[in-house]
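Enquirer: Residues per chain, in single letters:
2 protein chains.
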Amino acid sequence: MKRLTRDKACYALSRDDEPVLHVAPGEVFCVETQDAASGKLKSPQDVYTEDLLPFVNPATGPIHVEGAQPGDLLRVDIERIDTNNFGVMALGDNKGGPMAAYVQSKETSFLDIDGGTIRLRENLSVPIEPMIGVIGTAPDGEPLSTLDPGEHGGNMDCKEIAAGASVYLPVAVEGGLLALGDLHALMGDGEVATCGADLSGEVVLSASVLHAALPTPCVETEDHLIFIGSAKTLDECERIVLNKSFRYLTDCVKLAPNEAVRLMSLVGDLGVCQVVSALKTMKFKLRKSALTAISAGGIITGT
Amino acid sequence: MKRLTRDKACYALSRDDEPVLHVAPGEVFCVETQDAASGKLKSPQDVYTEDLLPFVNPATGPIHVEGAQPGDLLRVDIERIDTNNFGVMALGDNKGGPMAAYVQSKETSFLDIDGGTIRLRENLSVPIEPMIGVIGTAPDGEPLSTLDPGEHGGNMDCKEIAAGASVYLPVAVEGGLLALGDLHALMGDGEVATCGADLSGEVVLSASVLHAALPTPCVETEDHLIFIGSAKTLDECERIVLNKSFRYLTDCVKLAPNEAVRLMSLVGDLGVCQVVSALKTMKFKLRKSALTAISAGGIITGT
Numbered sequence: 000m001k002r003l004t005r006d007k008a009c010y011a012l013s014r015d016d017e018p019v020l021h022v023a024p025g026e027v028f029c030v031e032t033q034d035a036a037s038g039k040l041k042s043p044q045d046v047y048t049e050d051l052l053p054f055v056n057p058a059t060g061p062i063h064v065e066g067a068q069p070g071d072l073l074r075v076d077i078e079r080i081d082t083n084n085f086g087v088m089a090l091g092d093n094k095g096g097p098m099a100a101y102v103q104s105k106e107t108s109f110l111d112i113d114g115g116t117i118r119l120r121e122n123l124s125v126p127i128e129p130m131i132g133v134i135g136t137a138p139d140g141e142p143l144s145t146l147d148p149g150e151h152g153g154n155m156d157c158k159e160i161a162a163g164a165s166v167y168l169p170v171a172v173e174g175g176l177l178a179l180g181d182l183h184a185l186m187g188d189g190e191v192a193t194c195g196a197d198l199s200g201e202v203v204l205s206a207s208v209l210h211a212a213l214p215t216p217c218v219e220t221e222d223h224l225i226f227i228g229s230a231k232t233l234d235e236c237e238r239i240v241l242n243k244s245f246r247y248l249t250d251c252v253k254l255a256p257n258e259a260v261r262l263m264s265l266v267g268d269l270g271v272c273q274v275v276s277a278l279k280t281m282k283f284k285l286r287k288s289a290l291t292a293i294s295a296g297g298i299i300t301g302t
Numbered sequence: 000m001k002r003l004t005r006d007k008a009c010y011a012l013s014r015d016d017e018p019v020l021h022v023a024p025g026e027v028f029c030v031e032t033q034d035a036a037s038g039k040l041k042s043p044q045d046v047y048t049e050d051l052l053p054f055v056n057p058a059t060g061p062i063h064v065e066g067a068q069p070g071d072l073l074r075v076d077i078e079r080i081d082t083n084n085f086g087v088m089a090l091g092d093n094k095g096g097p098m099a100a101y102v103q104s105k106e107t108s109f110l111d112i113d114g115g116t117i118r119l120r121e122n123l124s125v126p127i128e129p130m131i132g133v134i135g136t137a138p139d140g141e142p143l144s145t146l147d148p149g150e151h152g153g154n155m156d157c158k159e160i161a162a163g164a165s166v167y168l169p170v171a172v173e174g175g176l177l178a179l180g181d182l183h184a185l186m187g188d189g190e191v192a193t194c195g196a197d198l199s200g201e202v203v204l205s206a207s208v209l210h211a212a213l214p215t216p217c218v219e220t221e222d223h224l225i226f227i228g229s230a231k232t233l234d235e236c237e238r239i240v241l242n243k244s245f246r247y248l249t250d251c252v253k254l255a256p257n258e259a260v261r262l263m264s265l266v267g268d269l270g271v272c273q274v275v276s277a278l279k280t281m282k283f284k285l286r287k288s289a290l291t292a293i294s295a296g297g298i299i300t301g302t
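Quick note, the sequences are listed as chains C and U, same order.
Following numbering that gives the first Met the number 0, the residues of the first sequence are numbered contiguously, the last one being 302.
Following numbering that gives the first Met the number 0, the residues of the second sequence are numbered contiguously, the last one being 302.
So that you can see chain C by itself, here it is in the shape it has in the complex:
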């Protein structure tokens, strides 16, 4: 199995970057990732400063997927996520986010992970729920920072992007130029403190090329099909994810408009991914069992 080492990190997704790995469609490979601070927070004395900004959210890549052409879709199947044995949380006033005014002083915490649980404080350990914070393809235009979420994926901080999930991303340039990083051992919807339990690790995955019309970014889990959108305000995110879900139900599942609206109101959940980046991110989760029951040709059609 090919392995991409974590020194191959980038801080932007760019069509001009040379691929550091070439994979065939469906080939299983391993990507090592750095933590969200590029490993620069090593002790509680290392608090967050603006000097760190150029080193925030490294993504490992870009990875060239053979045969992927502009207009195609990339389906990234996440097989396994193995994490380091401690998570880092850096609180600090110049990190921004909605809780900035509540943080009393800059503080970096190291949370031990042992036997599948993470120790949040005295008397409180909870099971880890490893997820990928940043995963995206290179955009067609200007490079996008790995701090940014967007139509290319990126820093979506969607906690459903975990082992067993498939992530559908657009292909804007030849090979797709996939990159990923910013693993979290644990994170709540919103990531309100600007960080989860951030840590390094490795991801085993594969990527396939699809010719299908599906609004992206989209995440498929065991139970849900999830449409994701990012914008400056939550209200604008709401508009985007509802539009994507409606287009999916009418264009792909071929429901009549009124049926699509009813289904969205009954078995669709509007939710939040993160509220701490320059663009916020929301999700709309449709129940797959309902989609399967009414989609004779499968819930994602194409080749």
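Keep in mind that the hints are not guaranteed to be accurate.
Computed beta-carbon distance windows for the label pairs [said to hold, decoys possible]:
1) ALA292/U - PHE109/C: 17 to 25 Å
2) ASN93/U - THR220/C: 32 to 40 Å
3) LYS231/C - LEU52/U: 17 to 25 Å
4) LYS1/C - GLY297/U: 52 to 60 Å
5) GLU78/C - LYS39/U: 51 to 59 Å
In silico contact screen, one side only, chain C against chain U (beta carbon under 10 Å); selected entries [what the hints assert, rightly or not]:
6) PRO97
7) LEU143
8) GLU219
9) LEU254
10) LEU265
11) ILE293
Hints were generated in silico from the structure; no laboratory data involved.
Note that the Cβ used here is the ideal one computed from N, Cα and C, for glycine as well.
Position chain U relative to chain C; hints supplied.
Expert: Using the frame of chain C, we list chain U on its own:
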């Protein structure tokens, strides 16, 4: 067991309304409720019009809880929700909401409920998840329409307000003057079409009076403590529910500010209740298992 019949409906929560039922703290009683259109949509030909507006969201009440004084908290324990055997969904352009532009034509659907499942369309039945759309107390000031969510509770459309949940509401006037209605057999977070599967039914519940400092409205389920807030935009709702959760963790659980912020980011989920009323509603869900582990005196303190 006392029974409040569904003809005792109100369309505003008002300090000036005479109670239609008096109950003792902890007394178990039954409240019948009308559907969200006061039963006026009887066939597919009865589409939504503005004439219906005065009859939207009837709540049964007000109910006077003995001993409840301004400044107290009311804890409403929902024991059971029994629903009618069909849900109504009225789509119509003058209902507004984010999906208004996608609705092709006014249409009223009747969804059969049988054996605990609701039939959404051919080949698609799903289990019902009965919940209470409107539950609130009378405010201190001007009467509030049962269409409005707010600090008094009201039209929150929070799907966790279901059998087994406890709802904490403020007491602003003597007796609290509780009212409830707008049951849904099924609804997704957001209620994006302006309706769930709306229906009449009956609720078995009790109400207790607490002397405790807890940000309200708040819902306690088996697994979560949920703080609720309403405002014109989702971004403002976000600010409100994060503030309530932070105040709870620092004032009630006595966490240090930084610890509260970390916990919120790791085991707190920011989510959406509804985006279709004049005020939108969001929720912040904290894991009770985490709170229990660190709250020696119980997660809600007071008498």
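Enquirer: With reference to the structure, classify each hint as holding or not holding.
Expert: For each hint, the structure was consulted:
Range check, ALA292/U to PHE109/C: about 20 Å between beta-carbon atoms, so the 17 to 25 Å window is met. A hinted range of 32 to 40 Å for the beta carbons of ASN93/U and THR220/C is consistent with their spacing of about 37 Å. Against the hinted window of 17 to 25 Å, the Cβ-Cβ separation of LYS231/C and LEU52/U comes to about 33 Å, which falls outside the hint. The given range of 52 to 60 Å is respected by LYS1/C and GLY297/U, whose C-beta atoms sit roughly 54 Å from each other.
Against the hinted window of 51 to 59 Å, the Cβ-Cβ separation of GLU78/C and LYS39/U comes to about 54 Å, which satisfies the hint. Of the supplied interface hints, the one on PRO97/C holds, with its beta-carbon coming within about 5 Å of a beta-carbon of chain U, less than 10 Å. Look at LEU143/C: its Cβ only gets to about 23 Å from chain U, farther than 10 Å, so that hint breaks. Because the closest C-beta pair between GLU219/C and chain U is about 18 Å apart, greater than 10 Å, the hint is violated.
For LEU254/C, the interface hint holds, the least distance from its beta-carbon to any beta-carbon of chain U being 9 Å, beneath 10 Å. Interface hint status for LEU265/C: upheld, as the beta-carbon distance to the closest one in chain U is roughly 5 Å, under 10 Å. A hinted interface residue such as ILE293/C counts as satisfied when its beta carbon comes closer than 10 Å to some beta carbon of chain U; here the least separation is about 6 Å, so the hint holds.
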